[in-house]
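**Student:** Given next are the chains, with one letter for each unit.
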Amino acid sequence: MIEIIVTGLNHKTAPIEIRERLSFQESELEEALLRVNLLPSIKENIILSTCNRVEIYAVTRNPETAIRELKEFLSQYHNIPLIDFERSIYSFISDEAVRHIFRVASSLDSMVVGEPQILGQIKNAYNIAMELKTSGFILHRLLHRAFHVAKRVRNETKISLSAVSVSSVAVDLAQKIFGNLEKKNILLVGAGEMSELAARHFISAGVEKIVITNRTFERALSLAKEFKGEAIPFEDINKGLKNADIVLSATDSPQYIIQYEQMIKVMKERKQKPIFLIDISDPRNIEPRVGNIENIYLYNIDDLQNIAKENIKDREKEAQKAESIIQEELIKFVKWYQSLQLTPTIVALRKKFDEIRKKELEKMLSMHPNLSEKERKSLEAMTLAIINKILHDPLTQLKKRDEDIVAELYIDAIRTLFQLSSTNTNISKEEEEINARI
Amino acid sequence: MNIYFFKIASFLYLLATLAYLAYIILLREFVSKLGRIIVSLGFGIHTLALILRYLEGGYTPVTNLHESLSFFAWMIIGVLMIANIRYRIKVLGSFLTPIALILMLFAFALPKEIVPLAPVLRSFWHPFHVIFAFLGNAIFTLTFCSGIMYLLQEHQLKSKRIGAIAKRLPPLQVLDDLNYQSLTFGFPLLTLGIITGAIWAEYAWGRYWGWDPKETWSLITWLLYAALLHQRLTVGWRGRKAAIMSIIGFMAILFTFLGVNLILPGLHTYANW
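If you read the protein sequences in the order shown, they are chains C and U.
So in the working numbering, spot 362 of the first sequence is number 564, and the numbers just go up one at a time.
So in the working numbering, spot 102 of the second sequence is number 156, and the numbers just go up one at a time.
It should be emphasised that the hints constitute simulated quantities derived from the structure, not laboratory data.
Think of the CB as a built atom: it goes at the ideal place given N, C-alpha and C, for glycine as much as any other residue.
Heads up, some of the hints might be wrong.
Said to hold, decoys possible - Examples of chain U residues lying across from chain C (beta carbon under 7 Å, computed):
id: 1; residue: 211
id: 2; residue: 216
id: 3; residue: 225
id: 4; residue: 226
id: 5; residue: 227
id: 6; residue: 228
id: 7; residue: 286
id: 8; residue: 290
id: 9; residue: 292
id: 10; residue: 293
id: 11; residue: 294
Please construct the entire structure, taking both the sequences and the accompanying hints into account.
**Tutor:** And the structure:
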């Protein structure tokens with residue numbers, strides 16, 4: 203019987219130092235996949251390596267041996283004694299492996315639940331394995347199911363709707379104030395790393411222009427160059443405040459840079475045009491009272507973090523819905539892959555043939571009621587002989603293939619061709635649809 | 055016959071209101087679409103009811119309180135449908151449809167028979183006066199709703215609790231734009247309504263203006279909106295102040311329309327409602 207297994211480690215089980223040492227660069231993946239493919243117990247494999255996890259998905263007939271071989275492979279490949287990282291390794295077999303892969307693809311196992319980039323990373327890992335043909339027909343199905351599950355989770359839950367990082371919360375709030383950010387300007391006060399990171403978020407949200415001011419003007423200039431923005435001297439900050447829609451302040455100044463009276467004046471010059479002030483510095487750069495002025499929306503780092511925390515709670519609530527979607531899909535998938543066994547397939551095939559034979563025989567006998575007992579017996583024997591002869595060759599071939607790498611492919615083909623189980627065909631149909639979309 | 059269609063329209067507005075309220079709770083796309091479909095259907099049938107009443111009565115059906123309320127509701131739904139095309143604010147229906155429904159229920163409770171028209175109402179100018187005034191009022195209903203939404207949304211943003219309400223309402227700037235644009239449409243119509251009213255008054259009573267309570271109150275309403283428009287254009291009033299002002303303006307409209315008719319005696323009082 204074939205089994206799906208997962209062996210690997212992630213951000214929950216291993217510190218970054220270990221993850222780093224066990225991860226695969228994209229350039230190494232090819233060799234690694236091929237080497238895993240040569241392990242005696244592994245029939246198919248895919249390697250997923252991101253900064254938060256290193257996992258090998260594989261198909262095998264001997265899960266225990268395969269897991270041991272995979273661990274040894276990781277140790278040999280990266281030249282680290284197994285004992286150094288064995289405690290961080292987890293392995294799943296069968297249902298639990300499938301569930302794990304579905305959860306990873308749906309971003310339920312991510313550091314920040316609901317962040318969508320993991321799906322792209324899995325697709326990428328899958329494509330590389332596909333090209334090298336280290337993933338075969340079982341993992342192919344499994345991964346397509348996983349993509350389908352991830353899509354359902356994204357569409358049917360609100361898991362990735364809310365912003366959970368400080369920068370994305372800030373962008374979200376800006377959109378709540380201004381709507382579309384396309385014609386908006388942002389003023390960065392302070393040209394440090396924090397403002398740079400936040401600025402990138404605003405750029406990808408579409409802000410039109412970036413103006414930067416900094417105590418040391420050169421730093422402002424170089425950042426302005428990078429963002430194709432404009433640098434203004436620190437003394438001209440009021441001019442910057444007058445023209446900006448969004449202001450992001452992140453300096454290490456010990457006093458307030460933007461004060462109440464100053465903003466009252468600026469607002470008059472702006473004709474009360476709304477302004478969004480973000481203060482992500484500690485100690486604060488903007489006098490808190492400024493937030494009381496009409497048409498000014500002031501958020502400091504704590505406010506943003508509180509919202510992010512709330513949103514993470516929301517995501518966790520949605521994650522429960524996602525788990526039940528996964529459970530549902532898991533049952534469907536497991537039903538399919540457990541049907542890929544030789545003996546039950548042969549039994550089902552025989553049963554089907556025999557049913558057809560009996561039905562047709564009965565029909566014929568009822569049309570000819572005056573046949574003798576002997577004639578009936580020989581008809582019975584003849585029909586039986588026909589199906590036995592028809593089945594003989596395919597069944598011998600199948601039994602021969604049972605130890606073969608592609609046995610499941612044949613079993614699946616037989617099940618599909620003779621319609622031996624309905625779940626099987628359903629899955630194929632959905633899969634075709636997904637394939638068409640990818 | 056027109057009453058029959060009027061009832062169907064009211065029922066459809068009730069269903070649409072329920073759908074729009076369900077949308078606010080569930081935030082499901084198809085529920086909002088359902089609301090839009092039902093409301094359009096209701097609007098079509100309501101239009102039919104008004105045409106039938108026009109044909110049956112032989113006059114534009116805006117002469118008593120039942121007719122006026124029904125007509126006002128019809129205009130509000132019309133404005134909603136136009137706004138739905140112009141703006142992608144899905145919760146708009148959740149605000150406007152209930153208002154129209156309440157007006158319909160009032161109209162429902164009032165005597166609905168077609169009675170012979172009082173002589174002063176048999177005027178060429180009267181229907182114009184009413185249509186302009188109500189169209190203006192219907193657009194100001196939209197202004198009012200945008201003001202309410204603005205205050206709700208602003209409160210969320212200022213208090214830094216971005217909760218369920220904030221998720222359901224459009225951005226502040228969109229609401230402010232809606233507030234301003236609807237004002238620029240509503241104001242000329244209200245002005246026209248008052249001018250045609252004055253002309254009608256000249257035909258009916260031989261004077262353009264007589265400081266009857268209705269006239270006085272429509273002037274107050276007009277001045278409120280004029281002030282809002284002026285402040286917006288010159289001082290750059292916007293946001294919160296404009297939102298509050300548009301809510302006050304709508305209160306004045308309601309008082310002019312209902313309060314004056316029901317409380318203060320005067321020429322506009324519906325004698326036999």
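**Student:** Double-check residue 211 of chain U for me: the hint is only fine if its C-beta lies closer than 7 Å to a C-beta in chain C.
**Tutor:** Nearest chain C Cβ about 5 Å off; hint holds.
**Student:** Any CB of chain C closer than 7 Å to the CB of residue 216 of chain U?
**Tutor:** holds (5 Å)
**Student:** Tell me if the interface restraint on residue 293 of chain U is satisfied: Cβ within less than 7 Å of some Cβ in chain C.
**Tutor:** holds (5 Å)
**Student:** Tell me if the interface restraint on residue 286 of chain U is satisfied: Cβ within less than 7 Å of some Cβ in chain C.
**Tutor:** violated (11 Å)
**Student:** Holds or violated: residue 228 of chain U as interface residue toward chain C, Cβ cutoff 7 Å?
**Tutor:** holds (5 Å)
**Student:** Taking the closest Cβ pair, is residue 225 of chain U under 7 Å from chain C?
**Tutor:** holds (4 Å)
**Student:** When the nearest CB of chain C is found for residue 227 of chain U, is that gap smaller than 7 Å?
**Tutor:** holds (5 Å)
**Student:** Closer than 7 Å between Cβ atoms is the bar; does residue 294 of chain U clear it against chain C? Give me holds or violated.
**Tutor:** holds (6 Å)
**Student:** The hint names residue 226 of chain U as touching chain C; please verify it with the least Cβ-Cβ distance against 7 Å.
**Tutor:** holds (5 Å)
**Student:** Would the hint on residue 292 of chain U be counted as holding, given a Cβ-Cβ threshold of 7 Å to chain C?
**Tutor:** holds (6 Å)
**Student:** Should the interface hint for residue 290 of chain U be scored as holding, given a Cβ-Cβ cut-off of 7 Å against chain C?
**Tutor:** holds (3 Å)
Of the numbered hints given earlier, the model fails hint 7 alone.
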